[in-house]
Each structure stands twice: as structure tokens, then as C-alpha cells.
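K.L.:
Below are the chains, spelled out letter by letter.
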Amino acid sequence: MAQSFVFSKADFDSFFRVLQSLGEVSAPIRVSDQSFAFKQINDPREIAWDALRTILPPKKFFYPPKETLLTYKDGQIEESVSDNKFQVIFGVHPCDLHGLGIMDTIFEAGPADTHYLQKRNHSLIVGLSCMPDKFCFCQSMGTSCATRGYDLFLTDLDDDFFLQVETPAGSAVLPQLPMLRPAEDADKERYKDYWLRREKAFTNGFAPDNLRATMDMEWNNSLWDDLGKRCLSCGNCTPVCPTCYCFDLVDIASLSDDEGSRVREWDSCQFVGFAQVAGDYNFRPSPVDRLKFWYRHKLHGFDDAFASRTCVGCGRCTVSCPAGIDDLVQVVKTLQGQKEGKE
Amino acid sequence: MNKESTLLPCIAVESLTGCAGELLVILENLDKLLPFVRVASFPFAQTANDDGPVDIAFVEGSVSNPHDLEKLKKIRSKSRWLVAVGNCAVWGCVQGGACAKCKVSDMLAAVYGSDSQIEVLESKPLSDHVAVDVKLSGCPINTTQFLSVTASLLKDHLPYITHKPVCLECKLNENPCVLIEKNLPCLGPVTAAGCGALCPSMGAACYGCWGPCQDPQMDAMATILHEKGYDPIDVINRLKSFGAPDHLFQRMSFQYNQETQA
Amino acid sequence: MTAASRITPFMPERAVIRSIIPMAQDNTLFQFTVDSEALANCLPGQFVQLWVPGVGESPISVCSGRKGGNLELLVRKVGRVTSALFQMQEGDWVGIRGPYGFGFPMDDFKGKDVCLIAGGLGVAPIRSVFQYILEKREEFGRVIIVYGMRHSNDLLFRPEFKLLLRRRDLEVFIAAEELTGPELPPVSVQLGRVTDLINMSHVGPSFETAVCGPPVMYKYVVDELKKKGVPESKIWLSLERHMKCGIGKCGHCFIGGALTCKAGPVFNLTALKMLPEVVECCQ
Amino acid sequence: MSDKEKKIIEIPEITRVEGHSAVTVEIENGEVTDVKLDVFEGTRFFEQIVLDHKYDELPHITSRVCAICSTGHVLAAIFAVESACAFVPSALEMKFRELMHLGMIIESHATHVCALALPDFLKVKDLLTFAVEQKEAFLIWTNLRNLGARVQTLVGGRPFHPVNLHVGGLSSIPHRENLLSLKTELQAMLATAIKLADLVLSFEPPIKRFSQPIFLCLKQESGQYGYFGDVIVSSDGWQAPVYEYKSYLDEQVVSYSHAKRSLQKGNPIMVGSLARLFHYGQNLKGEAGNIYRGSPLADGAHNTILNNAAQAIEIVQAIERATALIDEIIEEFAASNSQGAKFGYQTGNSKKGTGTVECPRGTLYHYYEMDETGTITKADMITPSAQNTARIELDIRQVVTGQNEGGDISGHLETLVRAYDPCNTCATHMVSINWKNKE
Ligand SMILES: Cc1cc2nc3c(=O)[nH]c(=O)nc-3n(C[C@H](O)[C@H](O)[C@H](O)COP(=O)(O)OP(=O)(O)OC[C@H]3O[C@@H](n4cnc5c(N)ncnc54)[C@H](O)[C@@H]3O)c2cc1C
Ligand code: SF4
Ligand code: SF4
Ligand code: SF4
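Residue numbers (the numbering used here), protein chains in the order written: chain A, 1 to 343; chain B, 1001 to 1262; chain C, 2001 to 2283; chain D, 3001 to 3439.
Keep in mind that a hint or two might mislead.
Straight-line alpha carbon distances no greater than 30 Å define the calculated BS3-like cross-link-like pairs of lysine-lysine that follow [said to hold, decoys possible]:
no. : chain 1 : residue 1 : chain 2 : residue 2
1   : A       : K229      : C       : K2273
2   : C       : K2219     : C       : K2110
3   : C       : K2262     : A       : K66
4   : A       : K39       : B       : K1182
Worth flagging that the hints you see were computed from the coordinates, not collected in a lab.
So here's chain A without its partners, still in its complex pose:
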């Protein structure tokens, strides 16, 4: 059973130093008026506590936007092994923890992706509670409570943090944290109170029960065409999504005779060449085909090994779409035939 502790926010600095002693610490920092990003930090004062969603989700730490998989020289092929530096990712909210869980499932499925797993296994994830804003809808996706994907989890109890320990890796840090005291009943009350308040704080969302069926039935809804007309095919919705994992593999040749590398790079199903095959046959030639495909993956889920829908309700795509067509909540409501917002 998960253990729980409490420590005063005044002790956060020393808590942070302990994390730092384990490895590089990354946390959300502010990068513009409206945006945040996970960056490596040295000072806890850099942490943007009000950050709800970073531009890129924490998948980037284990599945970098660009990554060399192999190199070869003079006929010898060598796999690129990660440098195994230990990373601490601090301040991951429940939606992103679910996102990581989904990424884990995909990359663990055989044959396992060692490049992802090596980095993932050399990390400690510290989750953090959050109060939803008008874009958050994890509640509707069933991802609003952290259930997996973290080692430690902090809940904000005004002057204190409530700390939950989930994994052996998390427990291993405990001896170094003298500021902790075991959670008492009053603390647990405060904890439950926080999460109840949070449940009520959602202003965005939809009734999720019939989502899969709705997506199937409305596959030919004219809404898709309206959205497709506005779609820029810029692909912004996919890199920002905690569960989008499509990539391209490219060879980088070097000028000298027999040397080069194979690199993987994030790709997006929104680009026109994504599903094109030789003979210029394209299985998803227009923006609407591609947009629909993406929506289906997120809200219906594929029928494969990872049969679950993959949206975790973080709202990133909604805020990152220049065309404003990735308002998932609005789309679902329209498809469900709901006229009114959730009030």
C-alpha cells in the first residue's frame, strides 16, 4: 500500500536539494505570458507552480523529439545507448502521469523499445496536484486522479505538501527526507478535502459513457468537413499530446565514405505524406481524413493491443491549435448532440 507523509512548504528547498542529489531535476518554468515548459532547473524558485500544461508533455524526456538510434562506420553497426544519466521530473500532473502510463504501454509492448525504456528506467517522477482551468477535462476522460506513472506524488495543502509514495524507487528516497512526518488523520482529511474540491472545480467536460459508440456512429458527421476546411495540417496537435508517439526514421549520411547514423524524429499523422505509399497512393489525402483519424485515435481508441482511447484530457491540443479546431470538448458535445455547456 502506498505510504503517505506530510511536510511543510518551508522545507521544500531541502526536499528539492535531495531530488537534485539524485540527478538532473526538470520542472515546469514559465517561457512566455501564456506558456510553460519542462526545463532543467537548479533553483526551486524557477518552478512555475501555476503551470497546468507545458507546451510539450513530459514524454520528451524519454522519447526525445530527435534521437539517434544507430550509427555505422566501415560496415560496423553500433546501437546508440543512452548515457543513463538519472533524471528527476518534478511537477507532473495527473493527466500527464496517465499519458506516461500510455506511452509506457506502447513502448513496452514487444519488441520493447529499449531507447525509451532505458531513459524511463533512469528517472524518478514526482507528481503534483493541480486545480483545473477552463481547458482541463481529464475528469471526463477518467484520468483526473493519478493512479500510475509516478514514484512520488505531492498534494498541495496550503502550507504543507501531502506526499504519497508509490514505488520502491520512491521509497528509496525516503531516508534522505528528514522533514517528512507520517500523515495523520487530520492531514488525510485535508487531503480528501482537496481532491473533493478539485472534483467540483471542473468547468469543462462532457458525459464520457457513450464516447466510443458516439465516435463510431458519427464517423460521417458533417462536422468533420467543417473542421477539415479550417485545418492547417500544421501538426501542432500531435507533438503537444502526451500520448502521440508516431515517428519517422531517417538516415543521416556523412560526407566521408562509409559512416552515418539512423535518427528517429517525431512525426505527425496530420502531414500529407504520412500515409502515402509508392505509386502516389494516399490513404488519407485530405486534411479532414487526417483530422478524423487523429480524433478517432484520441477519443475512440484503436482496436489493437492498446485498445483504450488515448486522450488524457490535458487540453494541450485545444490551446495549441492555431485554427481552433481541436476543441475536443466542443466536438464531443456536438457529436453527442448536446446543446448546452456543462454548467
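Since chain A is already given, all that's left is putting chains B, C and D with the ligands on it; use the hints.
P.N.:
Coordinates of chains B, C and D with the ligands only, in the frame set by chain A:
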């Protein structure tokens, strides 16, 4: 540099009408190339140039007068791989963009007088006149892309050149979107990647210097910029300024299209 | 590096080009010497990822069906990787990883009548099926091979088909839509479409059918097979999709709800019909 | 050689210059009858290209006039728009622009001196010989132009065609640490620049030219050496605000070339490094000052060939100034008054403005008229090369007349033309004159 230089593959670096940017990039990377190639011709950089056949000809600039055209045909006939380098050679760049909105003879008259003897052609990319094997856009071209394209060609392989939009690189750099956050007229969604999303990474709008990406959604782009308060004529002018060819705009339903063409 | 220390699933095996046999037009058969058991014993309908160092990888169907024999791949020159391969010489090395995917259900086919239908380049995987069958001919019932192509000079494996056409234990139907260049070998149907050939053949409800060809072909073939009384559960289609990794990670080959590389590339028609986005047979 | 012979010297294409040009000299009976510098670079009509575009697009579009002095075009365009809008950028902003500009000076001069001009002095024919046999000179060039490129990349986003410079100000402020590491690089490269200046000054000029041209450059504040300004000074004793450029520069179109040329009251003028040193050489401080004072330039020498020496001295000055500038910028950061005024286009009435900078090759003028929405309605650009062309022709005429004793002098002529560093890409179609008024 242990190989006999005469045994090395030959390259030529030639220019038509442009800003010499690609020449500069190639010149600046010559030290990296020299161990692997012999520079048969590079009039910008050396006096002794020969006219013989070459393995790779890099041609910068657009075809803007009869002299350019004659030169281009000559280059084509002597080279195995003809590489169009830079936006000028691939799309026609700003001079091509201008030709799309205004007759070249009118421009000539306006700048040089109506009795000018200067011979001009409508500025066009190389592939409008000759077969081009590889199109490497950029304004100027990206050094890494240039070297990797050269590396592939030296092995007689077709190079990989991405045609995905700038937005991809922008998001891989984890930039805040300037189109969304600052309402800047960012053309990243319809512009080909390759620069590493330079402008948005510096907080500015992409103005399309790489030329269009594959299957750019011009219609959606124009609609969205217009909704952000940009004047329709301004929107079309911006979209066309770096040589995006006319056919990308022909089937646009962007409501002000008719008006702007008139 | 020993096989055991390989941990990345993207690690190809070095394979040396043993021979290069030009076929027709831009198609060439490459024979490889491979070390690993897995590659030497690919199953019909599976595919491998072929890597030309410095250029890239392409998914290519296994074209040889004899157990333990050489790995053979029939490649059409269409783009970067394939063109680079065409420049290579015997003795050069490439990288190959695989085999991937589910091939045709050969175990289910055993003891049954089998009809193999190929359109154009689709003959590559189909060849692995009939080679496999001919190794143990006695284990199968009646065998029909249908092979249609656009132009008569596109005929691949001409010598092999000449021999097959003479065999008594096979019914082979070959036709081209247009006559260009040399005629098809004797006893072929010569002019006609794949569907005409199916119609001509005695394929019927007892047959397990394996189909591979260009996307546009499937719908017509499926309709024709149904007319002949072949139940959907006995129609097996091999699909082509854009693929980068071959191991169910890169997402390119998603088809409705399945990964072509892992759930396919061979699908049973009943399963396919459940998936949206399968344009080949459901439009 | 018989006296009664007509001789034509033709250099069909001058190599190692930017863009395309040819020289034709006709000599009849020992007399030079005609000199033509034909710039056959294709026409691009920039004054037309920018029309109908918005003021904020000007820097990006005009940058494409020429890669080598793209920063100059960007700044001239920005200055013109800001002056039309009576906008005053912050001190910090101006320092970044100056730093950027110095980067261009270093890169452009290094490339011109080392890669385009030096091979004449070192007698190398092709790049391979240059790289292998004149390794030292080759490395000087590589190092210096890399330095210039780095300065421009830090401030502008890339080595040329900057993306960070905009009307109103930078879109992103370079980081302090990056500035400091750039400063270290600048300091490290000073010795290289001095070495280059010494090397260039050690060559005996292959051609002698003695008639003094009219030198024009932007007026500097007392004791300063710089590249920005809005008043022009002339060596024949007058000065004028740059917005009056039409009154003192006289443009002509000639039938045989795509480049227009400018005269000053019918006389050829010269702009560029030599002109700047002529006017403000005495203001040079530090190492640049020392080298200058030890050179023939300080004694008033003005042989065109010395333009290369002048450029080498300017590289030294640029490195020293850039180093000091970084300190000033960092001080400005500390004072944290970096928040300048915000640029906003005041709609309502039309505007016009002139912007000038001293480019590597001389004074560059941009002039724009904009309507109430900020759309460009009229544009005019006068490039340094256009201003120098008439002078190049005069020079050629004098050199040919002086050395008419036979032998092939076309090599010399190329060297001479190259010394001006003519940027033919700029020279073409840049000058927009009002035709009607000329008739
Ligand atoms: C399961 C499977 C089996 C195949 N079997 C064979 C075979 O036996 N013989 C054969 O010649 N070809 C086969 N193909 C097709 C072959 O993979 C493509 O023709 C090849 O990848 C093109 O690569 P390229 O680099 O030469 O072309 P490119 O230069 O990359 O592109 C040319 C065209 O091919 C498309 N393309 C690129 N990559 C792929 C890809 N991975 N899959 C499909 N299309 C792609 C592009 O979109 C483009 O339209 C098979 C494909 C699949 C999916
Ligand atoms: S689909 Fe959108 S809201 Fe859902 S997880 Fe992905 S980015 Fe977040
Ligand atoms: S800033 Fe521009 S390039 Fe970047 S994501 Fe936004 S629209 Fe795309
Ligand atoms: S972001 Fe756009 S304008 Fe800027 S460099 Fe890249 S392609 Fe050119």
C-alpha cells in the same frame, strides 16, 4: 586530402539572378567539402574555372533574363546532378513573388524607363526551364541540410529533404506559438521546414522564406490570418511573397480572393 | 557485436547481396545471404525491413517460400531507398531486420484447396506462398494461381511461370490488360483482367484465397470471389501501408484501428470489414 | 603594337566578385575611347517588389537584395520606417543594431579581403591551391568570417538575412552568457585581424592611381568612428541631411548595363572604407588607430587598391568596438532600463522616410512612402555599388591610358574592379529615379 584531386568528384557552383546567399553558404563550407570534391567551377570564388562536365552542379538564383537561361541550359548539359539551391532556384523567391502580381515589362519600365533595352524574362525557378534533380530550398540554405544533401549525392543517392511544415520544428523546439499568443502573422503552417523554425524560436513570425511545404493549406491559413484581423490583400501578399506558385491559390475559396486578384 | 547484446529492436542484421536478377521493367530480384535462423525461415506473406545504409529503410515482402533457403526480395525501383539498392552490386552489404507481421495462415491452408491471386507487384508475396506450397504439394488440395498485370512486359518470374504453366498439379491463369513487348508464355490467357481470370477459374466455396495487389484491385477481386461463392472468412488480403518501424511503434501503418505491421499485413476479410478506413475492399 | 590599331580589351565575366559583371575597354590609336562596366546580373526590381507589402515586411524582403550586406539593407529599411514614424528606439536596441552591423562588417570585409582580393596578391588560381598552399591566409579568412557570422547569428538569428531584427526592435534579446562568450571570441580574434591588416599593408599595390576622388560618407559625432548617421559629408567641403539625397546624388541609367550609376554634380564619387577612413581615420582608437597611423592612408593616400587595406583596418576597429559594445550592453542590462518604447504604426496619415547606413561598400539609402495603413506605396534604394560605378569606369580609363604599353592588363583591371568590392547583386536595379523629371 590524400586523394589525387583529379580523381575526386567534380562540383560546380554557379549563380543566376539572386542575392548570392547560397554562394556564401557554400563558400563558407568549402573547407568541409574540399577533401571530397574538386571544385571545377565557382566563379564567385576562384579565377580558374573549367567548363567540363561535372558530377554535381549547384545552381543558385532564378532565371530572370536570356543570359541566365542560356547559362542554365549549358550547366544542365554538362552536369549529372543538377541541384537547385536556395529559394530563388527552387521557387523564384521575392522576385518570383513580384512577377506573380505584376508584369515584368511594367516593372522594367517603372525602374529603368519605358525605352529600356534591358532584356528580361519573368523570374522563374530552374525547373520551369530544365530538369532539376534535387531541390534544396532555403533563404539561405541550411548548412546541415546542404552537407547532407551533398553527402548523399556524392554516393549517388537521392537525398532526403523534408517537406513537412515549420510548425513541426517549432514544436520540437518547444516554442510558444506566436500565431496564437501574439497574433503575429506566422506562416509556419504552410512553409517548408529546414531552418529549425528560426523566426518563431526568436519570438517572431515565420514569413515563409523556405517556400511552401508539401500540400500547404493556403485557404485555411488565409482564413485564420484574416480572422486575426489581417487585411485580406495583405494576407495574400504575405503568402505569395517568397515565391509560392500560383496554382496553390487557384482553388482557394478564401472569400476575398476574387477581389485581390482584380 | 554478438546477437545477444543487441537490445535495440531497430538493429538490422548485415546481409550480403548474393545475386541480382533483373526481372521486368524496374523490378529486380535480390538474393541475400543471411546468418540468422529467423531471416532464413521467413513465412509466406511476412515482410522485412531492408536498410540501405545512408539512405533509409523500406518494408519489402518476403518473396521466397522455401524453408532454409536464401532470402529473396523482389524490389521495384520507385524512390530513394529502392534506387539506392539498384545501384548496389553483388557482394555489397545491406541491413535487414525482421521478419515481421503475420503472413498467410499456411497451417490453416493445409489440406484445403487454395487459390492465390496476384496483381502486378503483388506477385512477390504470392510467390512465397506457392513456393511454400510446392515444397509440400501433397499437403494441399487443388491449387489455382491467378496473376494479372497491366502490360505483358511487366510479367515477373517469366521462366518460373513457364514451368508452372506446364505443371499438371496446378491451374495457372495469367493475363495482361495490354500487350506490350513480348507475349506472355504459351498457355497463358494473354488478354484480360484479374477478375476475368478468377471468373474463368474453378475457384469456389471450398477454396482458401490469398490476394495481393494494388489497392484499386481488391474491391473487384473480392466481389468476384464472392460471386464464385467463396465465403468472406476464406478471403485473405495482404495490404500495403506506409511503414517506418515494422514493430508497431511508429504509427504510420495504422489502418482504422489496427497496425498493419503487427496485425497484418495479411488480414482476413471479415476482420478488415470491421475497420474503418480500409479503402481497398469496402468502398 | 601598331599605333593605328583598334584594340578591345574584354573581360567577359569578372570572377571573385559578387554578382555578374563584365568590362569592355575600347582603345583606338592608343586612346581609350570607351569604357563600359556592364553589370548583367538579372533584374529583380526591388522597388517594385516591396510595393503593396506592409512596412513590417520590408526588412525581410529588402534583405534579399544581397546576402553579403543583408544586415545593412535590413537596418536601412528599419531606419527608414522608424524615421517616417518618428520612432526613437531605446539605447539598448541601438547598441544591438550596431553590434549586428559590426558583425556584417567583419564577415563581409574578411570574405572580400581574404577570399576575393587576396588571391591576386598571393597568386592563387583556385580554391584548392588557396586552401592547401596558402593555409594561413585561408585560415585567417575562415576564422574572421566565422566570427562575423557568429556575431550576426547571436543578434540576428543567422549569419545573414537576419530574422531577429524588426521595425521597432529585436524580437528576442540575446542572453548575457552568450554575449560574454562572444566577447571572449572577439578578443581572441583581434590578433588575427591585426595580422591580416599587416599582411595586406605589406603588399605593393600593383596599380597606381593618383587622382583623388570625391569621398562621401555618413557624418559621425566628434571623435567617433561608426556606420550609422543621417547627414552626409563630402570631401569637397559640403554636408547635407540624407533625406535630401536626391539633390546631391544624380542617377543615370545607361543602355549597356543593368546597374544604374550615381554622380555628384556630374563627377564620379567614391564611397566605402576608403572614404570612411579619409573622413574619420583620425578618430580611430586602439589597435586600429595604431595601424591606421602607420599606414599610407594616414598620409592621405587614396589609391583605390588601398581599399583592401582600409577594409582590413576596419575589421580591427569592428572587433575592438564590438568588444566594448558588449560591455555597454551588459551594463545596460544591469541598469534594467532595457524596456524601450513600443512601436505602433500610427494610422491616419501617409508617411515617408529615408534610412541610411554605411554598408561595407559604402552608404546605402532606403526611401519609402507608406499609406495610412502602413502599406508601401513608393520605394527607392541607392546602393554603394551604384554610387561607385562611374568611378570604377573612370579608374579603368585612367589605368588603361597610363599603362598602354602593351601586355595583357586585363588581370590588373579585374584586380582594380575587385578592389571596389562591387556588389553587383546590389548594383542592379536598385536605383529608382523618377524618369519623368530627368527629361
Ligand atoms: C508490407 C509491405 C510490403 C512491401 N513489399 C514490397 C515488395 O515486395 N517489393 C517492392 O518493391 N515494394 C514493396 N513494398 C513497397 C515499398 O516498401 C516501397 O515502395 C518503398 O518503401 C519505397 O521506398 P523508397 O525509399 O524507394 O521510396 P521513397 O523515395 O521513400 O518514396 C516513393 C514513394 O513511396 C512511398 N513510400 C515511402 N516509404 C514507404 C513505405 N515505407 N511504405 C510504403 N510506401 C512508402 C512514398 O510515400 C512515396 O510515395 C512493400 C510495402 C509494404 C508496406
Ligand atoms: S488529445 Fe489533446 S487533450 Fe487529449 S491528451 Fe492529447 S493533447 Fe491532451
Ligand atoms: S509559431 Fe508559427 S511555426 Fe510555430 S507553431 Fe505557431 S504557427 Fe507554427
Ligand atoms: S521560420 Fe520561416 S521565415 Fe524564418 S527562417 Fe524559417 S522558413 Fe524562413
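K.L.:
With reference to the structure, classify each hint as holding or not holding.
P.N.:
Cross-check of the supplied hints:
1. This hinted pair checks out: K229(A) and K2273(C) have alpha carbons roughly 28 Å apart, not beyond 30 Å.
2. As the CA atoms of K2219(C) and K2110(C) are separated by approximately 26 Å, the hinted pair is consistent with the 30 Å bound.
3. Distance hint between K2262(C) and K66(A) is fulfilled; the C-alpha atoms sit about 25 Å from each other, no more than 30 Å.
4. With a CA separation close to 22 Å, the supplied pair K39(A) and K1182(B) stays within the 30 Å bound.
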